[in-house]
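*Asks:* This is what each chain is made of:
Protein chains: 2
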Amino acid sequence: MHGKNRIGFNLSNQGTATLHSINPATAETREGPFSEATSEEIELAMAKAETAFDTYRNTTPEQRANFLEAIADEILGLGEELVMAAMQESALPEGRIVGERGRTMGQLKLFANLLREGSWVEATIDTAQPEREPLPKPDIRKMLRPLGQVVVFTASNFPLAFSTAGGDTASALAAGCPVIVKAHNSHLHTNELVSDAISRAAKKCGLPDGVFSSLAASGFNLGSTLVKHPKTKAVAFTGSLGGGMALYKMAIERDEPIPVFAEMGSVNPVIFLPEKIGSEGAQLAKTYAGSIALGVGQFCTNPGLLIAQEGEALDQFCQALAAEISELPSATMLNEGIAANYDKNKSASLQQNGVEQLGASKAEVPQNGASPAVARVSAQDFLANPNLQHEVFGPYSIVISCADDSQLMEVINHLHGQLTITFMGTDNDFKSFETHILTAEKKTGRVIYNGVPTGVEVCASMQHGGPFPAATDSRFTSVGSDAIKRFSRPVAYQNAPQFLLPAELRNENSFNIWRQVDTEWTNKSL
Amino acid sequence: MHGKNRIGFNLSNQGTATLHSINPATAETREGPFSEATSEEIELAMAKAETAFDTYRNTTPEQRANFLEAIADEILGLGEELVMAAMQESALPEGRIVGERGRTMGQLKLFANLLREGSWVEATIDTAQPEREPLPKPDIRKMLRPLGQVVVFTASNFPLAFSTAGGDTASALAAGCPVIVKAHNSHLHTNELVSDAISRAAKKCGLPDGVFSSLAASGFNLGSTLVKHPKTKAVAFTGSLGGGMALYKMAIERDEPIPVFAEMGSVNPVIFLPEKIGSEGAQLAKTYAGSIALGVGQFCTNPGLLIAQEGEALDQFCQALAAEISELPSATMLNEGIAANYDKNKSASLQQNGVEQLGASKAEVPQNGASPAVARVSAQDFLANPNLQHEVFGPYSIVISCADDSQLMEVINHLHGQLTITFMGTDNDFKSFETHILTAEKKTGRVIYNGVPTGVEVCASMQHGGPFPAATDSRFTSVGSDAIKRFSRPVAYQNAPQFLLPAELRNENSFNIWRQVDTEWTNKSL
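If you're matching them up, the sequences are chains A and B in order. Just so you know, the first sequence maps onto residues 67 to 592 in our numbering. Just so you know, the second sequence maps onto residues 67 to 592 in our numbering.
To be clear, the hints were calculated from the coordinates, so they are not data collected in a lab. Among the hints, a few may not be true.
For chains that are exact copies, the list does not tell them apart, and a pair is met inside one copy or across any two.
EDC-like cross-link-like pairs, simulated, lysine to aspartate or glutamate; straight-line CA separation at most 16 Å [as the list claims (entries may be wrong)]:
| id | residue 1 | residue 2 |
| --- | --- | --- |
| 1 | 175 | 321 |
| 2 | 509 | 120 |
| 3 | 410 | 97 |
| 4 | 352 | 393 |
| 5 | 509 | 116 |
| 6 | 175 | 139 |
| 7 | 352 | 381 |
| 8 | 203 | 574 |
| 9 | 509 | 322 |
| 10 | 497 | 584 |
| 11 | 428 | 574 |
| 12 | 294 | 120 |
Please model the complete structure; the sequences and the hints are all you need to start from.
*Replies:* As structure tokens, this is what we get:
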């Protein structure tokens with residue numbers, strides 16, 4: 067442990083202010099001190115990234131793929147020390163942290179594979195028609211090129227997979243953008259280990275100093291300085307609506323507005339259709355109790371609203387759900403602030419008009435712990451009260467009972483933008499409620515059938531984002547290979563000499579990528 | 067001429083305020099009155115669009131392609147009346163308007179072809195792996211789906227191709243989004259003819275009432291009401307930096323921020339490299355005088371900065387350019403305001419420190435006319451004065467003389483974001499200045515070699531946009547087939563029954579589109 071800020075290949079602790087790593091399970095200080103970044107250190111990291119960009123943006127896809135794989139190897143090489151640090155800083159169990167490490171390495175390798183396959187750049191070629199009348203048509207070729215240096219805010223709830231070397235960093239580095247990480251104060255030790263791993267990988271791969279930096283500080287100054295910095299070209303964030311919108315507003319009020327992709331969570335409504343809930347209510351209750359409590363409910367995709375039509379089937383589901391919840395353990399949350407907010411937001415929700423608690427865990431609540439609970443409210447009260455759409459981050463959900471199909475449609479139309487909307491139904495249900503399902507699509511980034519929203523597969527087809535307030539721009543995703551598109555922009559080259567074109571756009575298709583040539587898809591050379 | 071607002075299939079003139087069509091060449095009123103939209107009329111158009119969206123977003127690509135082609139046919143069917151209206155409202159000559167009509171129809175057909183080819187939706191399928199450990203992998207499928215209703219602001223400088231049925235409208239309708247047009251007060255008659263044509267096409271194609279509306283009003287209230295309206299999901303704009311930023315700020319300050327694609331023009335620097343300017347200076351001067359004055363300089367891609375290294379070759383080029391410019395005609399601009407701004411901005415530019423006028427047209431200036439002119443300034447004075455990067459909309463350019471290669475690099479690094487940067491050079495020049503060229507790429511959406519920036523080909527590989535302030539989001543284009551991506555967002559479907567999937571994502575690839583299936587590109591069925 068060195069406790070310093072990482073500024074490219076160098077470590078720096080110019081400042082006098084420090085932070086410590088806390089174990090939320092014991093509320094005790096465990097490691098430190100970690101030096102807080104000074105203005106000069108921020109400036110240096112930003113300047114190094116700018117210089118690094120000129121080299122890094124012109125690296126080959128193979129060089130960047132090797133870099134991402136080297137990061138994965140270095141992370142694995144950290145062994146038990148990383149697992150212990152992440153566990154102790156997040157109160158998440160070993161199995162989860164080991165799994166998350168695998169996911170983190172998997173993400174890095176996914177982008178390495180994407181770069182090697184190469185077609186993601188959307189190479190498009192329109193060849194010249196010098197004889198065209200009334201004007202000759204020039205040769206134009208276009209592909210995605212890196213945006214510039216990216217500031218990544220790390221998430222509290224994934225100390226590895228959405229943090230220092232998480233999906234945002236992996237996709238920005240894959241795109242050819244240097245990254246400056248704002249370390250999470252809850253995982254300072256984990257951040258140090260992973261930052262050092264990235265730096266070692268960059269050195270081994272012969273990449274420029276400044277391609278990666280990681281800075282820490284308490285308070286809001288570091289984050290706002292990074293977002294407002296004129297050299298910053300994009301920002302990635304995963305966290306709360308309040309946090310995301312604060313960064314978004316800073317970014318768009320700059321002299322040069324820049325894109326912020328903020329994934330701000332949602333309440334992920336689950337709609338239980340009549341035949342399904344009638345025939346499998348008890349099993350659904352068991353499945354959903356598990357989903358609600360998974361990872362102490364600390365997922366952006368935690369199912370916060372369970373929607374169904376009132377009647378005996380729903381009453382039985384509610385009873386079964388309450389029974390399941392009452393048997394769930396309480397567990398330590400990610401940090402003191404998150405635990406305090408959970409209690410506050412859950413209490414506020416339970417005090418809303420018409421909300422009744424259905425059941426709660428009987429387990430004793432540990433230090434910084436969350437006690438799972440479920441509540442119930444009528445659709446009428448839900449529709450009248452916008453507060454009930456606010457996310458309660460943690461193991462808490464509300465059942466909404468609708469009088470009939472048309473009130474169910476009203477509830478769907480009333481929903482804010484979501485990361486996910488889930489339909490639990492039989493084939494008959496899906497046929498009967500097709501209009502409801504098609505309507506729900508307008509409100510979400512992902513529609514799930516007969517599954518749970520927790521669990522976000524990292525793959526090409528994933529959409530993790532959605533209409534506001536789930537994310538600041540529904541046109542992008544923060545999980546899966548398309549996350550790279552947040553940090554790329556198309557550049558067109560008109561009548562360019564071959565040697566001045568990126569390899570992906572030359573006549574010879576040396577990477578064998580799929581290209582659109584004169585509106586035809588082909589992987590051949592010209 | 068009916069002079070009414072178009073609200074879906076209906077015409078409406080509830081209000082008492084009216085506007086008139088003006089002929090800028092004579093400053094005379096030519097047609098009217100045109101009814102200004104009232105709050106109730108705005109509300110009705112927005113509500114109709116919302117209802118229409120539920121049908122329109124689920125039309126087949128073929129239905130939308132037929133609609134776009136029907137619009138093109140209806141526009142052609144307007145014949146001489148449309149050509150005369152557009153000419154008299156814009157002071158642009160017949161050849162230009164007829165050409166622009168062709169371009170407008172070409173754009174509509176480009177999107178029709180794109181829809182029929184179908185691969186633009188980025189269909190991505192990851193099949194299930196039920197046996198995967200530790201967790202089964204679900205079936206996930208993703209494609210681009212329409213965003214919702216789009217507000218289109220029409221541009222002054224293209225009464226057809228960037229207006230009522232221009233590229234923004236065409237791409238939004240192609241994506242499956244209803245469109246509400248804010249008519250340009252300079253082309254009220256043209257707008258009426260084209261709006262009626264679109265409405266006839268929608269009816270003929272059996273599309274829902276409200277898929278297209280067009281509203282007119284003086285002042286800022288109509289535009290701001292449309293942008294701030296909660297039903298609006300995206301905005302497209304082509305025009306000035308001031309206008310674009312005003313809309314952008316409104317859109318991001320909404321409770322639900324929405325994307326605004328504003329293409330706000332730029333100064334489109336042209337860099338003349340030494341061997342080229344030394345050997346072909348006179349020809350370059352001729353070519354560029356033509357580009358500067360094309361369309362009375364009223365193009366977003368007008369070359370406003372001509373950059374070269376000082377010396378005899380540049381002096382000779384400047385002399386030749388001044389001579390060419392002095393022989394150019396003056397011509398009427400698009401409207402009184404644009405003509406007044408040209409005079410004001412040109413005078414302001416000529417009064418900046420170190421700026422000397424090189425030459426100006428000797429022709430008499432007509433009513434609302436612009437007199438072409440060129441000036442010269444040293445790179446040192448240019449670098450010291452940010453005002454010299456402001457666009458002067460019209461036939462005016464500044465030559466910037468650099469002391470040496472390194473000052474040329476300084477000028478490139480100093481440039482704001484641009485739609486285009488052009489390099490005029492020999493092969494030797496390009497080899498010698500490779501670093502300059504690679505640096506310039508960071509500042510622009512399009513790099514042009516040995517051409518003029520005026521002339522924006524409508525094709526798949528076009529990028530018309532660029533780093534701020536050329537556009538609000540460099541990741542999108544407003545010209546070419548990718549313009550459709552501004553109005554689409556990815557939606558993922560997890561474990562969806564086949565019948566609830568859009569046709570593009572079903573096992574049977576009935577449209578024969580290119581899809582990414584388990585990370586392989588294929589146009590086969592599953």
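*Asks:* Tell me, which hint numbers fail for this structure?
*Replies:* 1, 3, 8, 10, 11, 12
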